[in-house]
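These protein sequences, in sequence, are chains A and B.
So the first sequence is residues 3 to 250, counted in the numbering used here.
So the second sequence is residues 3 to 250, counted in the numbering used here.
Treat the hints as calculated values from the structure; they're not laboratory data.
You may find that some hints are simply not true.
Same chains, same label: a pair holds when it works inside one copy or across any pair of copies.
[Unchecked claim] Calculated lysine-lysine pairs in the DSSO-like style (CA-CA distance at most 27 Å, straight line):
#1 Lys-61 / Lys-198
#2 Lys-98 / Lys-249
#3 Lys-229 / Lys-243
#4 Lys-232 / Lys-243
#5 Lys-229 / Lys-34
#6 Lys-198 / Lys-98
#7 Lys-72 / Lys-243
#8 Lys-98 / Lys-229
#9 Lys-34 / Lys-207
#10 Lys-26 / Lys-243
#11 Lys-23 / Lys-174
#12 Lys-175 / Lys-207
#13 Lys-211 / Lys-243
#14 Lys-214 / Lys-98
#15 Lys-246 / Lys-20
#16 Lys-26 / Lys-175
#17 Lys-249 / Lys-232
#18 Lys-232 / Lys-198
Only a predicted model underlies this, so the values are computations on that prediction, with no experimental measurement involved.
Protein chains: 2
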Amino acid sequence: MNNTLDTIMNHRSIRKFKDEKLTKEQIHTIVKAAQQASTSSYIMAYTIVGITDEDIKMKLSEVSGQPYVKDNGHLFVFCADLNRINQQATSELQEKMQASIESTEKFIVATVDTALAAQNAVIAAESMGLGVCYLGSLRNNISRVNDILELPEHVIPLFGLALGYPDEQPEKKPRLPLDVVYHENTYANDEQQRSKINDFDQQLKEYYKNRKTNTRIDTWSEQMIRKYSKTIRMDVTQFVKDKKLNKR
Amino acid sequence: MNNTLDTIMNHRSIRKFKDEKLTKEQIHTIVKAAQQASTSSYIMAYTIVGITDEDIKMKLSEVSGQPYVKDNGHLFVFCADLNRINQQATSELQEKMQASIESTEKFIVATVDTALAAQNAVIAAESMGLGVCYLGSLRNNISRVNDILELPEHVIPLFGLALGYPDEQPEKKPRLPLDVVYHENTYANDEQQRSKINDFDQQLKEYYKNRKTNTRIDTWSEQMIRKYSKTIRMDVTQFVKDKKLNKR
Numbered sequence: 003m004n005n006t007l008d009t010i011m012n013h014r015s016i017r018k019f020k021d022e023k024l025t026k027e028q029i030h031t032i033v034k035a036a037q038q039a040s041t042s043s044y045i046m047a048y049t050i051v052g053i054t055d056e057d058i059k060m061k062l063s064e065v066s067g068q069p070y071v072k073d074n075g076h077l078f079v080f081c082a083d084l085n086r087i088n089q090q091a092t093s094e095l096q097e098k099m100q101a102s103i104e105s106t107e108k109f110i111v112a113t114v115d116t117a118l119a120a121q122n123a124v125i126a127a128e129s130m131g132l133g134v135c136y137l138g139s140l141r142n143n144i145s146r147v148n149d150i151l152e153l154p155e156h157v158i159p160l161f162g163l164a165l166g167y168p169d170e171q172p173e174k175k176p177r178l179p180l181d182v183v184y185h186e187n188t189y190a191n192d193e194q195q196r197s198k199i200n201d202f203d204q205q206l207k208e209y210y211k212n213r214k215t216n217t218r219i220d221t222w223s224e225q226m227i228r229k230y231s232k233t234i235r236m237d238v239t240q241f242v243k244d245k246k247l248n249k250r
Numbered sequence: 003m004n005n006t007l008d009t010i011m012n013h014r015s016i017r018k019f020k021d022e023k024l025t026k027e028q029i030h031t032i033v034k035a036a037q038q039a040s041t042s043s044y045i046m047a048y049t050i051v052g053i054t055d056e057d058i059k060m061k062l063s064e065v066s067g068q069p070y071v072k073d074n075g076h077l078f079v080f081c082a083d084l085n086r087i088n089q090q091a092t093s094e095l096q097e098k099m100q101a102s103i104e105s106t107e108k109f110i111v112a113t114v115d116t117a118l119a120a121q122n123a124v125i126a127a128e129s130m131g132l133g134v135c136y137l138g139s140l141r142n143n144i145s146r147v148n149d150i151l152e153l154p155e156h157v158i159p160l161f162g163l164a165l166g167y168p169d170e171q172p173e174k175k176p177r178l179p180l181d182v183v184y185h186e187n188t189y190a191n192d193e194q195q196r197s198k199i200n201d202f203d204q205q206l207k208e209y210y211k212n213r214k215t216n217t218r219i220d221t222w223s224e225q226m227i228r229k230y231s232k233t234i235r236m237d238v239t240q241f242v243k244d245k246k247l248n249k250r
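Only chain A is shown next, with the shape it has when bound in the complex (with noise of 0.2 Å):
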């Protein structure tokens, strides 16, 4: 087990920083390490946000309904970007892009481009001592974020990462057996599955039953049915539709 892997395996989100600002320093190194990710076709299809400015994280948090997307050593937002390259094209041939800066397939691209970055980002940020959460909470007004960070179009706000000194030490969260996300040559949908799944329901069970903090009872199936029987966010099929982004 090298220091990579050390750091790999033991992620876990944190939601509470100390008080301390992370360097521009840190900041860049972090930035720089996000733009090594792989690309797609070289396309870079991301804009990060950092938000230095106290008034414009209030804002965020009100979105978010979480006090660490104020509270903590830094915030990005991350967002899929295929304005970049529309703006480095005439207008003519804007309009031959158009039809593929609107596809499926392109906000795939962006998507996957955005994330893989991100995710570069927070494995950097953790193996300089920092600790990180994902902020999926700004897509509770996605339209708004938008408007705060001025994003033009082709460009949407994906998610936030909040980064920072860990105030607090939460336990490891488990995770699904390795055989059910891990399949080979077909996909196995099969009463084994299922099985396996049931089993890591009661593990999870005694792990939310014996946790320190936050206890309950509770399985990942039941949790995963509950929150999925509810729609939230319909709204970002227009908001990305409206950006010109997933449309076509």
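Let chain A serve as the given structure and place chain B on it in line with the hints.
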């Protein structure tokens, strides 16, 4: 600079591998690393299919048109997966979950979850002395890949990942200037940005002219505009909808 940052900063895609298979232990370490990535609301919305069957590798290589899809130490296909939670529910609850599972919001969740896991796998593999190459090329015929891997409803192949011991030492490819991808507080969409990209274009021209193999005259902007002026993989849109994802 710690070891992990070294690994991240030294990334280059590897497209030529030695004729040596990864061990089961190596594969499991990499998959476990992937699983430790953050996941939206704990859903772990991905399945990784590892390809050991040479016939399946050959078929996937034909889809991609790339020999290294076949000739490598191991091959993963990363799939966005909202089937797993669905199959844990009764048919009554499945009906309640349908709108959520089919939404663009949850398509983003599954795509991001999958990409975060994949990038963890990449960093883990590289820290172990292996090289990797992402394979968006599997989407050249996404429906065929889907059939080869026998993916059920609510599961789509997003990209492949070829891994192995490097048998080439490609140069590190330049990245856009930091302040082009990193903005503070709001999106910078101005003449200064364009001028920085134009500078990068000139820098890249030199890189393409002077590198050891595959020299050419090209800039980033020209390359991107050329690529995005062609529509490719427009069938992905309907394919994803037919799999009951991203359709409402």
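Results for each hint:
no.: 1; hint: Lys-61 / Lys-198; in the structure: neither (43 Å within a copy, 30 Å between copies)
no.: 2; hint: Lys-98 / Lys-249; in the structure: both (16 Å within a copy, 26 Å between copies)
no.: 3; hint: Lys-229 / Lys-243; in the structure: both (25 Å within a copy, 22 Å between copies)
no.: 4; hint: Lys-232 / Lys-243; in the structure: both (22 Å within a copy, 20 Å between copies)
no.: 5; hint: Lys-229 / Lys-34; in the structure: between (36 Å within a copy, 25 Å between copies)
no.: 6; hint: Lys-198 / Lys-98; in the structure: between (50 Å within a copy, 24 Å between copies)
no.: 7; hint: Lys-72 / Lys-243; in the structure: neither (29 Å within a copy, 37 Å between copies)
no.: 8; hint: Lys-98 / Lys-229; in the structure: between (41 Å within a copy, 11 Å between copies)
no.: 9; hint: Lys-34 / Lys-207; in the structure: between (41 Å within a copy, 21 Å between copies)
no.: 10; hint: Lys-26 / Lys-243; in the structure: neither (35 Å within a copy, 43 Å between copies)
no.: 11; hint: Lys-23 / Lys-174; in the structure: within (25 Å within a copy, 32 Å between copies)
no.: 12; hint: Lys-175 / Lys-207; in the structure: within (12 Å within a copy, 47 Å between copies)
no.: 13; hint: Lys-211 / Lys-243; in the structure: neither (43 Å within a copy, 40 Å between copies)
no.: 14; hint: Lys-214 / Lys-98; in the structure: neither (58 Å within a copy, 33 Å between copies)
no.: 15; hint: Lys-246 / Lys-20; in the structure: neither (40 Å within a copy, 43 Å between copies)
no.: 16; hint: Lys-26 / Lys-175; in the structure: between (32 Å within a copy, 25 Å between copies)
no.: 17; hint: Lys-249 / Lys-232; in the structure: both (24 Å within a copy, 17 Å between copies)
no.: 18; hint: Lys-232 / Lys-198; in the structure: within (26 Å within a copy, 45 Å between copies)
Checked against the numbered hints given earlier, this structure breaks hints 1, 7, 10, 13, 14, 15; the rest are met.
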